[in-house]
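Student: Below, each chain spelled out in residue letters.
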Amino acid sequence: MFEALGTALNLLAGLDPKLVEIVLLSLSVSLTAVGLAALFGFPLGAAIAVGRFPGRQTLIVLLNACMGLPPVVVGLVIYLLLSRAGPLGSLGILFTPPAMVIAQTVLILPIIAALSRQAIEDAFREYDEQLRSLGANRVQVALTLLWDTRFSLLTTVLAGFGRAAAEVGAVMIVGGNIDGVTRVMTTTIALETSKGDLPLALGLGIILIAIVIAVNAAAYLTKELAQRRYG
Amino acid sequence: MDWMRRLLLVTLLGAALSALAQEKFIVVASTTSTEQSGLFGYLLPIFTKDTGIQVKVVAVGTGQALDLARRGDADVVFVHARSAEEKFLEEGHGVKRFPVMYNDFVLIGPKSDPAKVSGGHDILEALRKIKAAQAPFVSRGDRSGTHIAELALWKAAGIDIEKEKGPWYKDTGQGMGPALNTAQAMNAYILSDRGTWISFKNRGDLVIAVEGDKRLFNQYGVMLVNPAKHPSVKKELGQAFVDWVISPEGQKAIAGYKIGGEQLFFPNANQPGA
Amino acid sequence: MSNGKLLPLRLEGVSFTAGGRTIIDGIWLEIEAGRSTVILGANGAGKSVLMRLMHGLLSPTSGRVEWSAPEGRPRKQAMVFQRPVMLRRSAHANVAYALKIAGVAKAQRAAQVREALDGVGLAHLARRPARVLSGGEQQRLALARAGALHPEVLFLDEPTASLDPGATREVESAIRAFDAAGTKIVMATHNLGQARRLGDEIVFLDRGRLVERAPVEQFFSKPQSAQAAAFIKGELPWIG
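Chains as they are written, first to last, in the numbering used here: chain A, 1 to 231; chain B, 1 to 274; chain C, 1 to 240.
FYI, nobody ran anything at the bench for these hints, they're computed from the structure.
Here are the computed lysine to aspartate or glutamate pairs in the EDC-like style, where the Cα-Cα straight-line distance is at most 16 Å: (1) C/Lys76 x C/Glu32; (2) B/Lys129 x B/Asp113; (3) B/Lys201 x A/Asp197; (4) B/Lys201 x A/Glu192; (5) B/Lys96 x B/Asp243; (6) B/Lys131 x B/Asp113; (7) B/Lys201 x A/Glu3; (8) C/Lys5 x C/Glu66; (9) B/Lys252 x B/Asp50.
Only chain A is shown next, with the shape it has when bound in the complex:
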């Protein structure tokens, strides 16, 4: 195992081009997915947090449940949608990075929406009276809270990114793990491990873990800094 580790570290140090290509693809797919999920998830979370409508509680429970969507299931459903035989087949994006972005966006959208809803609802409880007193309407309240909870929301985004970067089920199915096209860190680790070829898998594993740790550290530091500076 140590021999494999040694080879892995060599690959990392030498910035093996295949490695770099795989890492960059993983990052671009997951970052885009997180960006899209935030774009739709934040307004959704805010709307549920400050809105009052019938079925709201059920929606919240459903949203929280969807945080635990199994990636393979999401991958399967998106595959069926994007397949030529499926309703969105004419888009022709199956087995391409956009398909992977879509699958990961669907996977982490509930996470971002549910977590932001919680953060904004907590803030809503604190601010509601005061903001109404100042004359803000519902939409203004939602927007104000979105900005005011920005540090919690950043943590939410980091959590979503961590989940996206680490999953393999969804991108495997909709991406097809095609060499040079849709092969990302997680699918490569799966592939190389199954081939019994450990150095590349280990190298990628090290990078993946490093990314996960970095993301968590960033989340923690953000919260600390924000607390200290803004109270």
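Assemble the complex: chain A is given as a structure, and chains B and C must be docked to it using the hints.
Tutor: Below, chains B and C alone, put in the same frame as chain A:
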């Protein structure tokens, strides 16, 4: 927030555009064992250089590869399970099947050889001995070409494996590589294609137990997915691929692929009955 | 009397029930311009709910709350709560926010914010994140925010209840400044000393009912109702 939105749009657009930009490409549905043998890594660049067509290989089990094609998600099918391929043709999903090449299966087993089959050249005899000894045996169990071949061999050996299997028979539902990993961990027997075995690096105590039996030959066929049934199929480009692999250039390239000096695949497009 | 002025504010038979309990019970009250009004009462008397009914955060279960002119934009009546709620921004930005919601053009906001902060003596803390300010400073900031639009009426719901004596003094002095500038002060408190210091008239509540209303000195020297007398005695046992 504005710049974030713009960045996202640009990234998405870029990704979409790059996907579209690769206009000249086809999707080939093939099997994990073929991909993992490294053949495509060697063969496809030659094809692309010759024709300018990119090939995207989606490597899954034979069953899934054919299913993929049935949904029109692939342009060409390149697998090694003749009966399944003929059924595919009967259903009207393929145009015509051409034999391309063959490789062979080998029976892998632990050095300790509990069923005493090592060095033999009769695969059916070996399987009977394994069952009699109740030695651990790993099956792929995933409707792949290898799995279908394995089941056919049990049948030919006179064993109804569905009825007669016991705890010694491990039906894993995995691809060739993962199944080999499992066999290595359990010190079990397993039927593998030679290509995957040669590139497999995690052998542990496993060695080749039985090889060379004609019944272990594994025939590959290539089919263009029927554009009449699936209008999205890239007819010309896909046909170009089919034509190329059975052409003298393609066949020469296939024979040229070696691992450790050993040729893995034997071109036989000139054997129409194969 | 449609000179655009909000006052007098009329409460006509206002009641408020919630969770089966009657918190405000049939109050008839007219709040006029001029002298500062203190809503006095024990904890649980319904002061906070009455304040919110007048400000408009709550709707009465029965009866009417009516201003003398329709409320327009920007709002000309504001409220300061017991605990100041500040956004995660600078002190300056918090006051600017109120102006923005009220529809004040961006170009004019900065000057108005500075004026408001000057009025409560917080100009030197304008750039500081509002939430790191002390309790007293935050409450003064809340006053600045409420007062930035030069409201006709300023409601204050127990504004110093959570503050120490030093901060209380600062806030009371800021309130007095608003009073002197002509803003109508309506303040709820259970603190007799504060009522005396800041109020011109007392409106005394007991268990949701308006029990007594009188100019401040008369209320303390000659309370007309038994409840008021008991309350005063309870808080200041040495008044005989």
